[in-house]
Structures are given as structure tokens and as C-alpha cells.
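Q: Between the sequences and the hints, there should be enough to build the whole structure, so can you do that?
Chain order of the listed sequences is A and B. So that you can map any letter, position 429 of the first sequence is 428 in numbering that gives the first Met the number 0, and since no number is skipped, the others follow by simple counting. So that you can map any letter, position 441 of the second sequence is 440 in numbering that gives the first Met the number 0, and since no number is skipped, the others follow by simple counting.
Hints were generated in silico from the structure; no laboratory data involved. The structure displayed is predicted, hence computed values, not measured ones. It is possible that part of the hints are untrue.
Copies of one chain are not kept apart here, so a pair can be met inside one copy or by any two copies together.
Keeping only pairs whose Cα atoms sit at most 25 Å apart, straight-line, the calculated DSS-like set for lysine-lysine is [said to hold, decoys possible]:
#	residue 1	residue 2
1	Lys-226	Lys-356
2	Lys-454	Lys-111
3	Lys-379	Lys-454
4	Lys-454	Lys-22
5	Lys-178	Lys-356
6	Lys-273	Lys-352
7	Lys-385	Lys-159
8	Lys-273	Lys-225
9	Lys-237	Lys-148
10	Lys-158	Lys-379
11	Lys-59	Lys-226
12	Lys-356	Lys-273
13	Lys-21	Lys-379
14	Lys-225	Lys-59
15	Lys-178	Lys-379
16	Lys-225	Lys-352
17	Lys-225	Lys-148
18	Lys-178	Lys-158
19	Lys-352	Lys-226
Number of protein chains: 2
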Amino acid sequence: MTYQKESLDELVEQMESYLNEKKYVQARETIVDLEPVDIAFIMEALPEDTIPIVFRLLPKELAAEVFVELDTDSQESLIRGFSKAELKEVIDELYLDDAVDIIEEMPANVVKRILSIADADTRRDINNILQYPEDSTGSIMTTEYIDLKANLTVGDAFKKIRRVGQDMETINVMYVVDKDRHLLGFVTIRQLLLADEEDLIGDIMDDGLISASTMDDQEETARKFKKYDFLTMPVVDKENRLVGIVTIDDAVDVLVEETTEDIERMAAISPSYKPYLNTGIMETVKSRIPWLLLLMVSATFTGQIISSFEDQLAAVTVLNAYIPMLMDTGGNSGSQASVTVIRGISLDEISMKDLGKVIWKEMRVAVIVGIILAVCNFAKIMIVDKMIFHNPITLQVALVICITLVFTVFAAKLVGCTLPIFAKGLGFDPAVMASPFITTIVDAISLLIYFQFAKMLLSL
Amino acid sequence: MTYQKESLDELVEQMESYLNEKKYVQARETIVDLEPVDIAFIMEALPEDTIPIVFRLLPKELAAEVFVELDTDSQESLIRGFSKAELKEVIDELYLDDAVDIIEEMPANVVKRILSIADADTRRDINNILQYPEDSTGSIMTTEYIDLKANLTVGDAFKKIRRVGQDMETINVMYVVDKDRHLLGFVTIRQLLLADEEDLIGDIMDDGLISASTMDDQEETARKFKKYDFLTMPVVDKENRLVGIVTIDDAVDVLVEETTEDIERMAAISPSYKPYLNTGIMETVKSRIPWLLLLMVSATFTGQIISSFEDQLAAVTVLNAYIPMLMDTGGNSGSQASVTVIRGISLDEISMKDLGKVIWKEMRVAVIVGIILAVCNFAKIMIVDKMIFHNPITLQVALVICITLVFTVFAAKLVGCTLPIFAKGLGFDPAVMASPFITTIVDAISLLIYFQFAKMLLSL
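A: Below, the structure is given as C-alpha cells:
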């Protein structure tokens with residue numbers, strides 16, 4: 000059974016009518032077999048005052064899973080409405096990393112209430128994870144994993160799994176530690192199943208171990224998941240002691256979030272970290288205005304360049320008409336280069352030491368692209384603009400335009416490929432060094448070249 | 000033990016010297032404990048003729064895992080050098096989905112050789128998957144999964160797992176089918192471990208089932224993984240019969256690849272699907288030229304608009320200087336809107352039915368942003384350009400510029416947010432309707448508005 004978005008909308012309508020008629024049994028039947036994220040979608044499409052009612056229709060474990068998938072405002076509103084017992088039930092059912100994610104978004108008084116309700120162990124575990132900085136690997140890990148000692152037999156390992164496995168985030172991979180919790184290796188559940196009951200964990204475990212440190216950037220850890228096809232990764236502290244694990248679902252969320260952040264930065268937006276339709280008007284304005292203001296001001300320098308060549312433009316007015324084409328082509332060429340390099344950096348395909356290779360490649364691409372564009376443009380100018388539209392264009396003017404085009408594309412791709420790498424080397428986010436920033440620089444360069452060639456070839 | 004990129008470079012140097020001195024035992028020791036993807040990285044940094052030598056140093060299973068991680072050219076070159084027995088060994092060790100991925104990239108004669116070497120079952124399985132269209136879910140699935148009948152006991156299920164589990168892609172999730180292979184539900188390995196040996200599979204299985212169809216787009220399937228936090232998904236044919244599974248590692252690769260494709264399309268590049276440093280010069284030129292040519296030609300229409308208002312520009316030459324600022328601001332505003340909408344579409348946050356909400360939001364954002372920019376620009380023009388730099392700017396000219404700015408931003412964000420949604424509705428890739436395309440349209444609109452206001456307010 001697959002539920003398309005449209006069917007979910009139909010279910011929302013059904014739920015609304017059941018709830019209006021107080022047919023709670025049918026309402027429950029409608030949603031209880033769906034995936035938690037789909038139930039959450041339905042709940043959030045219903046009138047706000049019905050959300051607590053629907054929530055209480057769900058069995059305990061499912062209710063907690065649905066709670067995780069609701070957006071922050073719905074979660075907060077539900078928590079405020081819960082009795083002490085209801086809140087405790089939800090908190091106890093939650094996986095630790097989900098509980099931490101939720102708490103991180105709550106205002107202080109709600110956090111206090113949640114922590115006071117939780118039992119001492121849960122409270123201590125939550126506080127442990129909360130102490131890690133935002134965007135660190137420690138902040139996305141969980142402590143609900145199974146660790147095994149090397150001298151355990153496979154049979155004893157299974158006993159442990161059966162005893163504690165229900166509440167663990169995962170049992171697909173288990174980490175082997177010594178008595179001081181230093182990480183020694185890992186075993187997969189498959190290895191355990193295919194081994195004999197008397198085999199020792201230490202003998203069958205894998206010890207070639209890629210791990211993450213609590214203070215590693217979450218994006219760096221998430222990328223290791225993709226690179227090594229991991230399902231989980233162990234997280235260690237400075238002394239190589241196992242303190243938690245990260246699972247693939249959280250790594251995927253980080254990858255997607257960090258990519259959205261990159262994409263927004265490349266378009267001169269301050270990232271919002273919320274779905275588009277959930278961000279308010281003023282929030283969106285605030286995320287877009289800063290760069291627009293900065294770029295608007297820097298674009299006026301380009302304008303100043305044009306002003307200083309006013310006389311030349313007045314003398315050969317047709318030069319005006321090709322300014323947009325030169326600036327646009329420069330901007331597009333530059334952002335082609337910068338975007339590919341930025342993406343290459345974020346996929347770990349390019350690093351500082353590749354700067355030479357990248358520049359050499361872009362230079363050669365730029366020359367070929369520039370010449371192709373210039374030749375096509377020359378043909379277009381002479382045939383279409385001059386012969387068909389009778390614009391007053393001399394051969395020299397056409398040459399000025401087309402030679403400028405070659406240099407513009409060259410400068411654009413050179414600037415476009417180097418700025419992101421320099422930004423990365425200086426510790427900045429390379430995505431900021433993208434299209435709008437580069438366009439401004441390239442505009443200025445291409446206009447200066449344009450007017451220089453105009454002066455030279457047209458004796459202005 | 001974590002291997003940073005720099006340490007891998009040191010290992011490459013070590014390997015080179017060992018190989019030069021024919022110290023093959025030490026060479027083997029250097030790499031045999033690393034992750035396959037890191038071994039592949041090292042091998043590809045070594046001289047090409049040493050790759051077969053290093054490959055043959057590796058134990059069979061590890062060699063196959065490393066083979067998967069090599070790039071296509073290295074794989075092809077190794078295959079051509081393999082004896083019949085060596086090729087068979089590698090093919091037999093490969094997981095099915097990896098074998099298919101490799102074969103998809105090989106030239107026809109190499110494919111023939113591989114398929115003739117493989118045993119009949121493997122050949123049949125590979126051919127089954129190869130028949131699915133590129134970018135379909137069928138093309139990324141594997142048939143190496145465990146299925147269980149509902150009337151099996153947990154104990155018998157474990158017997159089956161122990162018997163066939165070694166060669167399966169995964170045993171973390173197993174699917175339950177009836178005698179005609181119709182999908183009934185699934186059990187996790189955890190559920191099996193926590194159940195009693197006499198429990199029936201049919202009683203403990205989960206039957207609320209999200210599945211993928213063989214012909215679903217791979218990106219749609221990959222996004223379900225993120226949405227539902229799945230590790231595997233069942234793939235069914237038109238009759239809901241289970242034909243394969245997709246695992247999270249392949250879904251993550253699809254997500255990353257499709258995102259890179261989006262990012263490149265938004266920058267007017269034809270996607271290349273290869274790492275930046277692996278794409279040749281002419282390949283890169285071919286991926287960038289088409290859009291640059293198209294946009295260059297369309298930019299000349301903008302130039303024609305400027306030409307047709309030459310007289311006005313000659314009369315009030317200072318109008319020239321603000322053209323770049325208006326066009327850049329329009330372009331940046333437009334791409335802020337289009338990029339957020341395109342990303343929202345690809346994250347399933349926005350669909351055709353949200354068009355009204357999106358437009359209403361962007362209109363209000365545009366008005367506020369436009370007014371803020373216009374006010375700041377007015378201040379800047381009157382204070383900096385006029386008073387400090389003594390440019391000849393009257394109040395009316397400043398008004399023309401700033402009012403145009405408001406309309407430009409408005410038009411830009413309106414065009415920027417609607418074109419991607421329309422593209423998606425018409426079945427095109429919304430990422431194509433991004434910055435460069437929108438910039439061209441917005442340039443033309445903003446210039447027309449500029450000159451209209453100039454005519455009106457300056458009586459030109």
C-alpha cells in the first residue's frame with residue numbers, strides 16, 4: 000500500500016468529518032495503520048484544536064513516533080496541554096536522539112517541565128547530549144546502543160540483545176569495548192547469527208574502525224556515511240572512549256539540511272532551516288535583505304565605471320546595447336564555474352591542494368567556451384543585428400564586443416573557480432563565494448576590459 | 000582509527016616506494032586493513048600499471064569490495080587484464096546491485112565477457128535488473144534479499160537466515176510474501192530476536208507497508224527513505240509481487256546525485272554525473288556551452304530595449320549608470336525566489352496545489368524587500384552619489400530609479416517563484432527555470448519599467 004499525497008488529503012477530509020460527528024472509533028481506524036510521518040501530516044492539516052484529540056486516539060508507542068514527526072509548534076502546544084502522566088508516557092517512549100531533537104527546539108520552561116518529568120537516567124542522558132555544540136557530531140548521537148566486551152561469547156551476546164534490545168536505537172551493529180570503554184571494533188548482527196554460540200566476540204569482530212569524534216562537524220560525519228556506506232558510526236571522545244553512536248537516518252537528515260544550506264547561500268540567502276511554507280514573511284525578508292543590500296551597493300560601483308566612460312558611450316551609442324549581454328554572459332560563466340567547484344568541495348572531490356588543477360582546467364575551458372561564444376556572437380552581430388536590423392555596427396565595434404566577450408568569460412571562470420577554494424582555505428563557507436558575489440566582481444572587470452578595447456580599437 | 004585525506008596521501012607514497020622495491024608483503028600490509036573506498040583511492044593515486052599488481056595482493060572478498068569503489072576506467076582496464084578465472088572470482092564475490100552498476104558503465108564487449116563468465120543464475124539476475132530503464136527504481140534494486148512465508152516459525156526463519164544469509168545484501172529487514180510472491184508485510188531482525196522460536200512470522204510481522212514500484216523514478220523512491228527513515232524498501236511489480244529491494248546506501252547515492260544535478264541545472268550547466276576532476280575539458284565545455292549560447296542570444300533582446308531608448312539615455316546620461324544595479328538586483332531577487340521554490344519542490348515541501356500560497360507569500364516579501372531596498376538606495380543616491388560624488392542627479396531621477404527598483408524586485412520574485420512551479424506542473428525539471436533563465440526575463444521587464452517611468456517623470 001502506498002499513500003500518495005492526494006490520498007492523504009482525502010484522509011484528512013475523512014478525519015475532519017469523523018471528528019465533527021465525534022465518531023472517534025472510525026477516526027482511529029482511519030489513521031492507526033499509517034506511517035507516523037503520514038499521521039503527523041494528517042494531524043497538522045486538521046483544525047488545531049482537534050490535534051490533542053487525535054493524538055490521544057493513538058496507542059502509546061505509535062503516539063510517540065507521531066510526536067517526533069510533528070512540527071515544533073504542534074509539539075510545544077501538545078506538551079503544554081499534557082497532564083504530567085501523559086507527558087511522562089511520551090517522553091519515556093521516545094528514542095533518546097529524538098527526545099534531544101525535540102528539546103533543542105523548545106522554550107526554556109517547557110524544557111524544564113520535560114526534564115523534571117523524565118526519570119533520572121533519561122534526564123542524565125539527555126543532558127549529556129545537550130551539552131554538545133550545535134552542528135557537532137555529539138549533538139546528533141544517541142547513547143541507546145549495545146556494547147559488548149571482547150571476552151563475551153556469541154551466545155551471551157544474544158542473551159544481552161534479547162534483554163536490552165527492545166529499547167535500543169538499533170541492534171544491527173554493536174560495538175566492542177574494553178573495560179575502560181575504549182573502542183576496539185564492531186560486530187554486525189549478521190556476523191553473530193552466522194557464528195557459533197561459543198565463538199568469542201573478540202575473535203569474530205571487525206577491528207578496522209572508522210569512527211567520529213564528538214566535536215567533529217556533523218556534516219563531516221554525515222559524509223563519511225555516504226562515503227563508506229555505513230548504517231551506524233561509533234562516536235568517541237578525545238580518549239577514544241565510546242560515548243554514543245550516530246545512525247544513518249540522522250546522517251541523511253544532516254546531508255539534506257546542509258545541502259539546502261549550501262543552495263540557499265549560493266543564491267545569496269541566509270539559510271532558514273525551515274520548510275518554505277513554514278517560514279513567515281518577516282523571517283523570509285530578513286533572510287534575503289542582507290545580501291541584496293550588499294550586492295546593490297556594490298553594483299553601483301559598476302555603474303560608476305559606466306559613468307566614467309560616458310563620453311565614449313555617447314560617441315558610439317551602440318556600445319550601450321551590448322552591455323547587458325556581456326554582463327549576463329560573464330555572470331553565467333562565472334557561476335557555472337563557482338557552482339561546480341562549490342559542489343565539488345562539499346562532496347569532498349576538491350580540496351585546497353587541487354587549486355592548481357582546478358585553475359588549469361577552468362582556464363582551458365574558459366578559452367574554448369569564450370572563443371565559441373565570441374565567434375557565434377560575431378556572426379550574430381554581423382548577420383542579424385547589422386544586415387537584418389540595420390544597426391549601425393562597424394567591424395571594429397563587433398571586434399570590440401567579441402574580444403571583450405572572450406576576456407570576460409576567461410576572467411569570469413577564473414574568478415569563479417578560485418574564490419570558493421580560497422574561501423574554504425580561509426575557513427569560510429565556500430557557498431557564499433557564489434554567483435551574486437562573483438557576478439559583481441566579473442561585471443566590473445568585463446566593463447573595464449570593454450571600454451579599454453573600445454578606446455584602443457575605436458580611438459575614443 | 001580514522002584516516003584523514005592527508006594520511007592517505009602518505010600511504011600512497013609508502014605504497015609507491017614498496018612497489019618500486021618489489022616489497023609486496025609490506026605493500027599488502029599497508030592497505031589490507033583499510034576500508035575498501037580508501038584502498039581504491041590509494042590505488043587510483045598510484046601509477047596505472049601498478050593497479051593490477053596491487054589488486055592481486057588483496058584477499059578475494061576485499062578485492063571485490065575495492066573493485067566496486069574504483070572508477071569506471073580503472074574497472075574496465077582491470078577487467079581487460081583479468082584471466083577468465085580472475086574475472087569469475089570477482090564477479091561471483093560482487094553483490095548483485097554493485098555488479099549491475101559496474102556493468103551499466105562498461106562497453107558492450109566487456110559486458111559480453113562478464114555475462115559469459117558469470118554462472119547462469121547470476122546472469123539471469125543481472126539481466127533482469129538491466130532491463131529496467133535508467134533512473135527507475137528497478138535499476139537500483141537488488142534481488143539478494145530474504146523472503147519468508149507467513150506460516151514459517153521464527154525458529155525456521157533463523158534456520159533460513161543462517162543458511163543463505165551470508166550472500167544477502169542485508170538481513171536487517173525481511174519481507175513476507177504469499178505463495179505467489181505477493182507482498183504481505185515485513186519483519187526486522189530485531190523482532191525475530193525478541194520473539195519466541197515457535198511464534199509464526201505472520202503473527203509478528205508488520206503489515207502497514209510502504210513500497211516502491213519498479214517503474215517509480217529513483218529520486219521519488221530515495222526521498223521516501225528520508226521521509227520514513229527506512230533502511231530498506233521492497234520493490235514490487237504491477238501485480239504487487241515482490242521483485243527486489245532497495246537499500247539505504249543506494250538511496251543516499253541517488254539523493255546526492257540528484258541534488259548535484261539540480262544544483263548544476265540551476266547554474267545553467269548540463270549535468271555531467273562525474274566528479275569535477277574526472278570530467279575532461281571538452282566534456283566540460285559541452286556541458287556549459289548550450290545554455291551560455293541561449294542566454295547570450297536572449298540577452299541581446301535586453302540590449303535592443305536599451306537601444307530603442309537611446310535618445311532618452313542620451314538626454315539624461317546618468318540613467319545609464321544605474322542599469323547594472325537594477326539588473327543585478329532584479330537577477331538576485333529573482334534567483335532567491337526561484338532557488339527556494341526549486342529546493343522546496345525537490346524536498347516535497349511544495350507542489351502545484353501550493354501555487355497560490357507561494358505567490359501570495361512572495362508578493363508580500365517582494366513588496367517589503369523592494370521598499371527597503373528603494374529607501375536605502377534613495378538615501379545612498381542622494382547622500383553619496385549626489386552630495387559626496389557630485390553626480391548630476393535630480394530628485395526626479397532618483398525617484399525613477401527607486402520606483403523602478405520596487406517594481407523590479409516585485410516582478411523578479413513573482414517570475415522567480417512561479418516559473419519553477421509551472422515547469423514542474425508541465426512535467427519539466429523545475430531546476431532549469433532558475434537564475435539565468437529568470438534573470439533574462441526580469442532584465443527585460445525591469446528595463447521596460449525603467450524607461451517608462453523615465454518617460455513619465457522626466458518628460459522624455
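Q: Look at each hint and say if it fits the structure.
A: Results of checking the hints against the structure:
1. Lys-226 with Lys-356: Answer is within: at 23 Å inside a copy they meet the 25 Å cutoff, but 39 Å across does not.
2. Lys-454 with Lys-111: neither (72 Å within a copy, 64 Å between copies)
3. Lys-379 with Lys-454: This pair counts as within: shortest intra-copy Cα distance 23 Å, inter-copy 31 Å.
4. Lys-454 with Lys-22: neither (83 Å within a copy, 66 Å between copies)
5. Lys-178 with Lys-356: This pair counts as neither: shortest intra-copy Cα distance 49 Å, inter-copy 58 Å.
6. Lys-273 with Lys-352: between (35 Å within a copy, 20 Å between copies)
7. Lys-385 with Lys-159: neither (85 Å within a copy, 79 Å between copies)
8. Lys-273 with Lys-225: For Lys-273 and Lys-225, both the intra-copy (24 Å) and inter-copy (16 Å) Cα distances are at most 25 Å.
9. Lys-237 with Lys-148: Intra 21 Å, inter 48 Å, cutoff 25 Å: intra-copy only.
10. Lys-158 with Lys-379: This pair counts as neither: shortest intra-copy Cα distance 79 Å, inter-copy 74 Å.
11. Lys-59 with Lys-226: between (37 Å within a copy, 22 Å between copies)
12. Lys-356 with Lys-273: between (37 Å within a copy, 16 Å between copies)
13. Lys-21 with Lys-379: Close neither inside one copy (72 Å) nor across copies (62 Å); limit 25 Å.
14. Lys-225 with Lys-59: between (34 Å within a copy, 24 Å between copies)
15. Lys-178 with Lys-379: neither (77 Å within a copy, 68 Å between copies)
16. Lys-225 with Lys-352: within (23 Å within a copy, 34 Å between copies)
17. Lys-225 with Lys-148: neither (28 Å within a copy, 33 Å between copies)
18. Lys-178 with Lys-158: Within. Shortest intra-copy distance 19 Å satisfies the 25 Å Cα cut-off; inter-copy 34 Å does not.
19. Lys-352 with Lys-226: within (20 Å within a copy, 37 Å between copies)
The structure does not agree with the numbered hints 2, 4, 5, 7, 10, 13, 15 and 17 stated previously, though it agrees with the rest.
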